[in-house]
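Chemist: Spelled out from the first residue to the last, the chains are:
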Amino acid sequence: MKRFVSIWFPYLLTDWYALHDPSVRDTPFVLKANIRNRVTITAASLAAVQKGIYTGMALADARAIFPALQAFDQRSGVAEKLLKKIAAWCIRFSPVASADGTDGIIIDATGCSHLWGNDRLYVTDIVNKLKAKGYHAKAAMADTIGAAWAMARFRNKSCIIHAGKHNDAIAYLPVESLRLESDTVQRLHKLGLHRVADIINMPARTLSRRFGKHIVQRLKQAAGTIEEYIEPVVPVPQYHERLTCLDPIVRIEGIEIAVQQLLERVCNRLVKEGKGIRQLLLKCWIVDGKEQTVSIGTSAATTSIKHLMGLFTLKISTIMPGLGIELFMLEATVVEDAQPKQEVIWKTTAVLSDVNITELVDRLQSRFGNIAVKRYLPAQHHLPERSVKITSSLQEKPEIDWYTNTLRPIILLPQPVQVEVTAPIPDYPPMMFRYNGSLHKVIKADGPERIEQEWWIRDGRHRDYYAVEDETGARYWLFRSGHYDAEKTYRWFVHGLFA
Amino acid sequence: MGVQQANILAGLRKDILLMQGFKPAEHYAANSGGLSLIADAFPNGAFPTAAIHELLYKGYESAAATIGFTSCILSHLVANAGIAVFITSDDIIFPQALAFYGLNASNILFVKLANEKHRLAAMEEVLKCNGITAVVGEIKELSFTDSRRFQLAAEQHGVTGFLLRQNAKNMATASVSRWKVQPAPTIDHTGLPGLSYPAWNIELLRIRNGKPGSWNMQWKDGKLQHVTGPAVVLEHRIRKIV
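Protein sequences appear in the order of chains A and B.
Note that numbering that gives the first Met the number 0 numbers the first sequence so that position 483 is 482, with each residue one more than the last.
Note that numbering that gives the first Met the number 0 numbers the second sequence so that position 144 is 143, with each residue one more than the last.
The shape of chain A in the complex, shown without the other chains:
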C-alpha cells in the first residue's frame, strides 16, 4: 500500500519574495503582471489576503481596498524553478519527490514515516522544516495522490488520512478538490453537484458522457482504483543509502563513521545480489542547504568495505562541513556483476585482475588521478609512435602479439631530435653524427629499415631507420626522413636509444 504527502504552498511566491526582501515581510504586498492589458495580481501575501485582496484581482481594485498596498513585478517561471528546488530539498524526507503544478509538491512517502516515529510526526516535521525556511505550507497524507492533494488544499490545517479512509475523507470536500478543469467545475455546480459525495457513486459511463473522460479518471485516481505516477525531481538511484544525523556533523571522525555505516549497508545489499561497486558517490547536505559530493571509482567490481573506506579516507579531507552535515547519501552509480568467474585460458588476465592489483590501482588512481596508471598494448601500426596503444583498463587484452622481428630501442624520445649527419653515399648508414653537443663516430650499423607513413591516417615522408653504435658502445636509432635529393630536403633525426 502506498502513502503520499501533498504539500500546498498557499503563498509560495510572496513567501519567496519576502525571503529575498525581508523589509516587506508581514506587510501586505502583492506581485503583479500585465494580463490582457490589465495589471492583475498574480500572488498576494498572507497579510494582503487578510485585508481581502486575492489573486486574480485587478491591482486598481486592490489599491481601492488598501491604498498603501505594495506591488512588485512578477517574473515568469519563478514558481516552477522554485518548486523544483524545494522538491530536490525534500529528498531528505523521501527519495521520490516531485513538483506538482505551480503551488505544490508531491512526496511518495511509502515506508518513510516510521523513521520519524509515525505519520503525524513525519508530516509535522515537513511543515515545521518548511516554516523554518520561511514558507507557509499545508500538508496532507493519504493513500492516493488525489486524496492527499484535495486534503492539503481544502482542509484548514495539515492532516493525516489513515490507510483506507481516503474515500470517506474526500466525500465532503467540494468538487474543485478533484483537480478538474474550471468549466467542468462550473457545470457541476450549475447542476447542483457541489460535493464529491454527490458524484462519487454515479456510474462512470453517465459521468463521462456528460462531463468527459477526464472527470472519471480524476475520480478513480482519488479513490485509488487506477494508479497515478509522479516524476521524481531527482531520479531514484538503484543502490543508495541515506543517513540522517540528529546533530549536524562537523568533525572528520564523524564523517568517517557515517561513511563506514553507509558502506556497510550498500555493500551488504550488493553482496546478496552478487554485484560489485565500480563507482560510488557520496553526497553530504550541509545545514545551510548546500550540497557537497565526493566520488570514487574502482578498476574492478568490489564490495570490500575496507578497501572502499580506504579510498574515501583519501578524499574525505576535501569535504568542507561548514556549519555541519545533516544528511549523508551514498549512491552506487555504477555497479557490475561480480560473480566469481571461471579462470580463462589467457592466464595473464587472471593475474592482473587479482584483487590485490586492482585495489592497488584504485589507490594510485584516487591519489594521483585516473591517467597516472596505464598499460600499453600492441597496436597494428608500424610507425613507432603509433605502435602502442594506451589503456587504463585492467581487463583489456592485446589483439596481436608484441612485435619481435627486429630490435626496437628501449628509450623512445617523445620528439625525434634533428641531428647533423655525415653519410657516405645514398642509403648507406651515416659515418658520424652530432647529437647532444658531441660528435659520435659510427662503428657498427644496421639498416635501413623503411617505415612508410600510413597514408590513410596522415600524409608525410617515409623514414629509413638505422641502428648505429658509436665508439663508446652507445646505440642509437637514427632515421632519415625522405629520399636523398639534389635540393637536400631530407633530414636526419635521432628517435631512440637501444639498451
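Worth flagging that the hints you see were computed from the coordinates, not collected in a lab.
Treat the numbers as computed from the prediction; the structure is a model and nothing was measured.
Heads up, the beta-carbon is just placed ideally off N, CA and C, and yes, glycines get one too.
Do not take every clue at face value.
[Claimed, not checked] Restricting the straight-line Cα-Cα distance to at most 25 Å, the calculated cross-link-like pairs of lysine-lysine (DSS-like) are:
1. A/K282 x A/K128
2. B/K139 x A/K388
3. B/K57 x A/K440
4. A/K373 x A/K388
5. A/K373 x A/K396
6. A/K314 x B/K111
7. B/K116 x A/K314
8. A/K274 x A/K396
9. B/K127 x A/K305
10. B/K139 x B/K57
11. B/K222 x A/K373
12. B/K179 x B/K139
13. A/K156 x A/K128
14. A/K443 x B/K219
15. A/K84 x A/K50
16. B/K57 x A/K314
17. A/K396 x B/K111
18. B/K116 x A/K373
19. B/K57 x A/K443
20. A/K443 x B/K222
21. B/K179 x B/K219
22. B/K139 x B/K116
23. A/K373 x B/K127
24. B/K139 x A/K373
25. B/K168 x B/K111
[Unchecked claim] Now the in silico label distances, taken between C-beta atoms and shown as ranges:
26. B/T189 x A/Y427: 20 to 28 Å
27. B/D39 x A/R457: 48 to 56 Å
28. A/E451 x B/T189: 26 to 34 Å
29. A/V233 x B/A80: 44 to 52 Å
30. B/N129 x A/M308: 17 to 25 Å
31. B/A80 x A/K128: 58 to 66 Å
32. B/D39 x A/I256: 53 to 61 Å
Position chain B relative to chain A; hints supplied.
Modeler: Just chain B, lined up with the frame of chain A:
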C-alpha cells in the same frame, strides 16, 4: 680442526645473515634473476629478491643500458606470471622493446608521475602490495629514512624494488645493492656486420654481504652471458653498510 671450524664459521655467518633480515631460500630468485654467472657476488649465491636495488646512471645512453639491464632481471623475476610496475617521470620507455628482453609489456603497469614526492609515495604504495613481483621506480634522491622504509616494505611484502637514480647525490641509503650499468661495444664472433647482442659494462658497486665486482655481459638467448673472458671480481672491499 679445519673442516670443523669452517663449518662452524659458515653456520655463524648464516646466523648473522638471518639476524640481518636475509632469510635463506624464499627470498632469493631461484634462477638468480638471470645472473647465475655472477651469482658468487651475491650473499648465499643467489640474487636477493624482496629487497631494494639501486641503479645509478647519467644521461640517456646509460639510462637505456640501465633500463635494459633491469628488464633482463625483471623478465626472470616475473617469469611470465608476475606483475611488474614501472614508476617514471615521463613516457620514454618504449614498450615494444621490452618483448626482446622477455617481458610481456601488456602485463606491466606504468605509473607516470612528474612530481618526485609523488613517485616516492607511489613507490612505497606499490612495495606494500602483495600481488606485485617487482617495481622499478625513477627515484633520483631519497633520504636514508625513505630507503629504510622501502627496504622494510620490500622485505615484508616480498616485492623486489629497483630504484633508477639519475645523477644521484645521496649515497647513504639502506638499499641492498648499488649498480652502475654502461653501454659497451657489442662483440660478435661470427664476423657478421652490424650490431650484435646488447652488451653492457655492469658494475656492482655495493652489495650487502656479497662481493662487489665488474663484468662485461651481453643479453643473449634469454640470459645474461659474459662477453669476454672470466668475470673480473674486484677484491673484497670491507665497507660498513647500514
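Chemist: If a hint holds in the structure, say so; if it doesn't, say that too.
Modeler: Evaluated hints:
Restraint check for A/K282 and A/K128: the C-alpha separation of about 20 Å stays at or below 25 Å, so the hint holds. For the hint linking B/K139 to A/K388, the alpha-carbon distance of about 28 Å lies beyond 25 Å, and the restraint is violated. Proposed proximity of B/K57 and A/K440 is supported: the alpha carbons are some 20 Å apart, at most 25 Å. Note on A/K373 and A/K388: the hinted pairing holds, with a Cα-Cα distance of about 10 Å set against a maximum of 25 Å.
Our distance criterion of 25 Å between C-alpha atoms is met by A/K373 and A/K396, whose separation comes to about 13 Å. Restraint check: the Cα-Cα separation between A/K314 and B/K111 comes to about 21 Å, which is no more than 25 Å; the hinted pair holds. With a C-alpha separation of about 19 Å, the suggested pairing of B/K116 with A/K314 holds against the 25 Å cut-off. With a C-alpha separation of about 23 Å, the suggested pairing of A/K274 with A/K396 holds against the 25 Å cut-off.
Taking the CA atoms of B/K127 and A/K305, the gap is near 16 Å; set against the 25 Å cutoff, the hint holds. Of the pairs offered as hints, the one joining B/K139 and B/K57 holds, with about 11 Å between alpha carbons and a cut-off of 25 Å not exceeded. Proposed proximity of B/K222 and A/K373 is contradicted: the alpha carbons are some 28 Å apart, above 25 Å. Between B/K179 and B/K139 the CA atoms are separated by roughly 14 Å; this keeps the pair inside 25 Å, and the hint holds.
Between A/K156 and A/K128 the CA atoms are separated by roughly 16 Å; this keeps the pair inside 25 Å, and the hint holds. The straight-line distance between the Cα atoms of A/K443 and B/K219 is roughly 18 Å, inside the 25 Å bound, and the hint therefore holds. Restraint check for A/K84 and A/K50: not satisfied, since their Cα atoms lie roughly 31 Å apart, outside the 25 Å limit. Taking the CA atoms of B/K57 and A/K314, the gap is about 38 Å. The hint is violated against a cut of 25 Å.
Simply put, A/K396 and B/K111 have alpha-carbon atoms about 21 Å apart, close enough for the 25 Å limit, and the pair holds. Distance hint between B/K116 and A/K373 is fulfilled; the C-alpha atoms sit about 19 Å from each other, no more than 25 Å. At most 25 Å may separate the alpha-carbon atoms for a hinted pair to count; B/K57 and A/K443 meet this at roughly 23 Å. Restraint check for A/K443 and B/K222: the C-alpha separation of about 23 Å stays at or below 25 Å, so the hint holds.
The hinted pair formed by B/K179 and B/K219 meets the criterion: a straight-line CA distance of about 20 Å does not exceed 25 Å. At most 25 Å may separate the alpha-carbon atoms for a hinted pair to count; B/K139 and B/K116 meet this at roughly 10 Å. This hinted pair checks out: A/K373 and B/K127 have alpha carbons roughly 19 Å apart, not beyond 25 Å. With a CA separation close to 22 Å, the supplied pair B/K139 and A/K373 stays within the 25 Å bound.
Proximity of B/K168 to B/K111 is assessed by CA-CA distance (about 23 Å); at most 25 Å being required, the pair is judged to hold. Take B/T189 and A/Y427: their Cβ atoms lie about 22 Å apart, and the range 20 to 28 Å holds. About 54 Å separates the C-beta atoms of B/D39 and A/R457, a value consistent with the hinted range of 48 to 56 Å. Checking the proposed 26 to 34 Å range against A/E451 and B/T189 shows it holds: the Cβ atoms sit about 32 Å from each other.
Between A/V233 and B/A80, the C-beta spacing of about 48 Å keeps the proposed range 44 to 52 Å intact. Taken as a hint, the range 17 to 25 Å holds for the pair B/N129 and A/M308, whose Cβ atoms sit roughly 19 Å apart. Checked against the hint of 58 to 66 Å, the C-beta distance between B/A80 and A/K128 comes to roughly 60 Å, which is consistent with it. A beta carbon spacing of about 58 Å between B/D39 and A/I256 agrees with the range 53 to 61 Å that was offered as a hint.
Consistency note: the structure conflicts with the earlier hints numbered 2, 11, 15, 16.
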